[in-house]
Amino acid sequence: MLMGEEIHVGGREETGILAEVAGVNAGTRVLDVLSGLGGPARHLARTYGARVTGLDATGRMVDEAVRRTADAGLSNRVAFRLGNALDMPFRSGTFDIVWGQDAWCYVTDKDRLIRECRRVAAPGGRIAFTDWIEAGPMGDVERESLNAFMLFSSMETLNGYQRLLRRHGFVVERCEDLSREFSSHLHRYQDALANDLKERIVELFGIDLFLDVERGLDLWARAADEGKVGRCRVVGRKE
Numbered sequence: 006m007l008m009g010e011e012i013h014v015g016g017r018e019e020t021g022i023l024a025e026v027a028g029v030n031a032g033t034r035v036l037d038v039l040s041g042l043g044g045p046a047r048h049l050a051r052t053y054g055a056r057v058t059g060l061d062a063t064g065r066m067v068d069e070a071v072r073r074t075a076d077a078g079l080s081n082r083v084a085f086r087l088g089n090a091l092d093m094p095f096r097s098g099t100f101d102i103v104w105g106q107d108a109w110c111y112v113t114d115k116d117r118l119i120r121e122c123r124r125v126a127a128p129g130g131r132i133a134f135t136d137w138i139e140a141g142p143m144g145d146v147e148r149e150s151l152n153a154f155m156l157f158s159s160m161e162t163l164n165g166y167q168r169l170l171r172r173h174g175f176v177v178e179r180c181e182d183l184s185r186e187f188s189s190h191l192h193r194y195q196d197a198l199a200n201d202l203k204e205r206i207v208e209l210f211g212i213d214l215f216l217d218v219e220r221g222l223d224l225w226a227r228a229a230d231e232g233k234v235g236r237c238r239v240v241g242r243k244e
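Taken in order, the sequence shown gives residues 6 to 244; the numbers are from my numbering.
Since no wrong hints were added, every one of them can be taken at face value.
Using 25 Å as the maximum straight-line C-alpha spacing, the simulated SDA-like pairs for lysine to any residue come out as follows:
(1) K233 x H190
(2) K115 x N164
(3) K243 x D182
(4) K243 x Y111
(5) K233 x E139
(6) K203 x E219
(7) K115 x L91
(8) K243 x R124
(9) K233 x R220
(10) K243 x F95
(11) K243 x V177
(12) K203 x E10
To be clear, the hints were calculated from the coordinates, so they are not data collected in a lab.
Given the sequences, and given the hints that come with them, work out the whole structure.
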């Protein structure tokens with residue numbers, strides 16, 4: 006409800022920015038890792054003419070992404086697979102761009118994730134992603150509370166992602182800290198929750214869930230304001 010069909014910060018505008026810096030164009034073979042409902046995949050196909058494969062570990066997400074893609078008339082350019090991002094069901098060197106948007110914080114082993122991304126990327130291909138990151142020092146209890154609210158496995162740091170890319174044979178071409186913008190997005194989500202969505206959420210799910218979401222968003226917004234959490238945009242090229 007807060008983020009829309011694309012389920013990431015910034016929606017289609019952010020997808021467009023990442024597509025431009027990654028060099029997506031007609032015929033580009035894109036793998037969207039943790040593709041969710043498939044909103045970004047459809048946008049890349051519709052706007053840039055890319056051929057996109059989405060990979061997600063949740064069967065209900067894959068089924069719904071397939072349905073929405075068929076309804077949009079894009080099944081000839083966009084496909085979805087059920088599978089594990091740590092053991093991808095694809096041959097090595099298959100994709101021109103391995104893609105992710107605000108989703109890899111759910112992955113347990115980021116070292117293995119990046120290794121798999123490199124394996125399935127074509128020679129000279131790119132990795133391009135955004136993600137929520139740990140941006141400053143915090144205590145264990147606060148870290149656990151932040152991750153638990155979002156159901157994250159863990160957050161990487163910006164420097165940590167750079168090290169992982171280099172370790173697995175990527176040249177880091179772009180590494181942007183988007184944390185200042187991230188804080189403003191969280192405050193917009195707070196406003197939308199309180200002013201636009203409260204009645205609907207309470208009706209559908211009850212007041213207790215609404216209050217839990219409100220508390221969780223407050224926790225994240227405060228951590229973002231204090232520079233403890235943020236967001237990044239990273240592009241690398243396979244050597």
